[in-house]
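Visitor: Protein chains in written order, with my numbering: chain Z, 1 to 117; chain A, 118 to 1043.
Because the hints were derived from the structure by calculation, they are not lab data.
Please note that the accuracy of each hint is not assured.
[What the hints assert, rightly or not] Short, incomplete list of chain A residues facing chain Z, as computed with Cβ under 7 Å: (1) G654; (2) A700; (3) V702; (4) F711; (5) R715; (6) T752; (7) T753; (8) S804; (9) A811; (10) P815; (11) G816; (12) I826; (13) L827; (14) A837; (15) E838; (16) I840.
Because the structure is a prediction, the values reported are computed rather than measured.
Just so it is clear, CB atoms sit at the ideal spot from N, CA and C, and this is done for glycine as well.
The chain contents come next:
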Amino acid sequence: MELLVAGAIGILTLVGIYLILRAHTFPVILGLTFLSYAVNVFLFAMGRLVIDRPPVISPDAAGYTDPLPQALVLTAIVISFGMTALIVVLALRGYLETGSDHSALDAPRQPDERGEA
Amino acid sequence: MTLLFVILIPLLGALIPPLVIRSGRNACAAATGSVTLLALALLMSHAPAVFSGEVPKAGVEWVPALGLSLSVFADGLGFFFAAMILAIGLLVIVYARFYLSREEPMGRFFAYLLLFQGAMVGVVLSDNIIALLVFWELTSLTSFLLIGFWTKRADARQGARMALVVTGGGGLALIAGLLLVAQAAGSYQLTEILVRGEMVRASPLYLPALLLVLVGAFTKSAQFPFHFWLPHAMAAPTPVSAYLHSATMVKAGVFLLARLWPVLAGTDPWFLIVAPVGLATMLLGAVIALFKDDLKAVLAYSTVSHLGLMTMLLGFGTPMAAVAAVFHIINHATFKAALFMVTGTLALLASASMAGVPLFNGFLSKEMMLEEAAHTAYLGLDFLFPVLASVAAVFSVAYSARFAIGTFLGPVRHDYPHHPHDPPLGLWLPVAVLVVPVIAIGLFPAAVAGPLVALTASAVIGGPLPDYHLALWHGLTPALFMSLLAFAGGAALILAFRRVDGVRARLPPLDAKAMFEAASGGLVVACRRIVAALHDGALSRYMGVTVATLVAVGGYGFWSATHAAGARPLLPVTAPALTAFLALVLASGAVLLFHGERLTALILTGVVGVVVALAFLQFSAPDLALTQISVDVVTTILMLLALNLLPKTTPREGSRAVRWRDGAIAGLAGLGAAGLAYAVMTRNGTSISDFYLAQSKPGGGGTNVVNVILVDFRGYDTFAEIIVLGIAALAIYALLDPALKGAAVRRIKAMLPRDEAKDAHPLILVVATRVLLPLSLVVGAYIFLRGHNAPGGGFIAGLVVAIALIMQYIASGYGWAAERMKLDAQSLIGAGVAIAGLTGLAAFAFGRPFLTSTFGYLHWPLVGEFELASAMAFDLGVFLTVVGVMVLSLAQLSRVAHRVDPSPESRAPMDVPLEGAASGAAGKED
């Protein structure tokens, strides 16, 4: 099972990074979503994989999994929504203003050749 | 403790002049002077102790474990320098009052001056070397402000920048050097380092530490080849030049050499580097000074030359030479400060001292220098130092004479723009005060300067003083003959000046400023090229470089360590798990290949999200599964809304090679992440979570540990997080609100008419969502209330309620839903953050820290035992913020399209005037 989870983290990372290396905004946003999945599962996995032992205190529980990574990941999921939403809107506004959804600047800045500041 | 105030008073006192300047220039100067006088008086209160051999100390600890403290000590050297800085500072303040014209911002000038003064005193009194380094950099910064005081003048700006680049850059080397010294000595306290010289010199860190410290000292004290900044710093107002170049700034480097003399000196590398650098500087400065026609330039190069002299003496590494160096520091400070503030006949005396004429103090220390040089052999060359030192002395006699003759003894000129007049008292009094010691020490050295020299020199040497004798007449020593030779040579040089100058004029000119400007300009251009190449505005390149670097560093770490398999037993793979994994692999692979079709890619991403949520559920994280699934719903809706206004496909981009390169980077990163996760998961580890598990119920009053961590144990994090969420939502609002103007509107209009569904608001969807709304709200309330004890809580409840509200927008259209939203989302966010914050503040009322929680049990009739925790109020804040954030972001997105073209929204199917009982569905909203 650990191998499956590790493999999933690897694949999610791969897709996420491949997509954020694209030059258009929408694949980059999708890439960020994939990376968020990867990072969240990774963080979660730091608490090790435990089955049927949710961290809810009860007299007849046999034991509990590590609640701390869960708390961290829960906030991370919500925060990544906030981040995704902001980037989506940035991309949208950029597209509406310029008519291009390239993630790169249109014209690379020409370096100012003069040394004098 | 008063010793600490000697530093703090000028630093804090810097606030006073800009305020007092409103009361006039005299008041301003008086206030500034009193600040310095107070610091000086405090310092002098320690004089009896220092002269009786004690070393007063003071300080406050900051992080003792890291060796960080603001501690000061005043041994002979520090005391002498601090006294010199403050005393000459006082004279400079008086002089500056009369020097600055009415139009110049005197308040600002004195503020800079006091800041600089405080920093300088800090350098010389610091015990902790970190504090010393901070003050050292502070002197570079404040001297930048002082040198560039006449901001309108290009040469002032350039000179200030050059000084900052050279001395500030040297300061960086010094930081490294002193940290190495501290490492070698095992202490950050100078008082301890000074007695551990043996340890430092034996350490393998000695040589790198020495080189770095010397770079710092040489740049500050304008030693060859860093001497070029000093003359350009002369673009400063004269009081600044007088201060910086006689007693303070440039002496800091010499001070440092003297300070660390017991630790670093006495070795071959020290002598072989420091002594010739000092000699070269002394010679070069004297030669250039002779050929300068500008008075301040002559003085500047003369300062360079004298600094070289002191450095050379310290470089000799013998106690006798150190005594001579200290003596010359005293003498130079007096005559050079006087020369900068030069007025009339008094300056003749000072320049006589500069030349080393007998009966003036400069003669004595120069004599001692020549005596030391006469006995110094460098790498077996017996004549190198004596001869070159004598040559330097020849030139220094010559330029002093030229300075004196050219300025004060030359023919009377009548072509000045203004008729020269006798200066006011304030301009010549400071000079007079300085000339007194010039003559007094010259005549009666042992009586006037003896105790001070002994005190300071013993602090420099850190051991017993050599047998020396400060006197006018030492008999027929080699130094005397060298002095006589210098006078004869100097006189000859002056007589033959025109001819010599002609020779010089034929030599190729060497303009240090142009070279510096060219070098720094070239550096800037090179940096810009690198930045332009790395930061070409392409996000994909930044990301590629970042990820590739991470992979490389991670790979290096991996290959340079040993590995063994983990011991934790693996969980067995189940069929559903394998199926879910395959679904994830297929969906991810499809996204990778077909991300050009954006809608498809978005749907496939949703599949991945579901698998992740299932994984959370499988591995004992019901809270996470709930959160993930609801966030995915909101995210998908958000992306769909955005996609409505964005192109629906991504053109195939980049060449095959580029795609493979990106694929390789991504693959390696994926491999690394997978390997790392696997390595951790197959090992057991310790966690701090036992505390949370044990304390959740007794301490936090809840059994759902994840929720208790969020709202109680780590409530501060959560509080900050909802603030961040709120800010993100407001940023979205700010970004989209103005998108309804200009080019954006034209583009949106161009996209219309879109392929509208024939029935934009299907009746079944409308009815279903309206029926579901109250149900969803009840579910939301339930999830919220049980959150403390069972999976749920503010985050999840907020998401559920937000989805229910957003569904109304989707089903019934923006206009219809917005009309019926009685609460605007911004207020929800504001209320949420405020409630969470106030809950935290309420703890103060009970004398507890921020966000301390409490809980109790109420007995409600019918309901029974009911728990009420203050954390629930906090969770309510979280809930409201989440609802507000979600609704605000999505509603804003849907509004963009709606505002531009509200027409297609037919109202008919939504508010069908249904008869009788059927109106219930629509009535739910009211």
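Visitor: Hint by hint, work out which the structure violates, then give me just those numbers in ascending order.
Guide: Structure breaks hints 2, 4, 7, 9, 10, 11, 14, 16.
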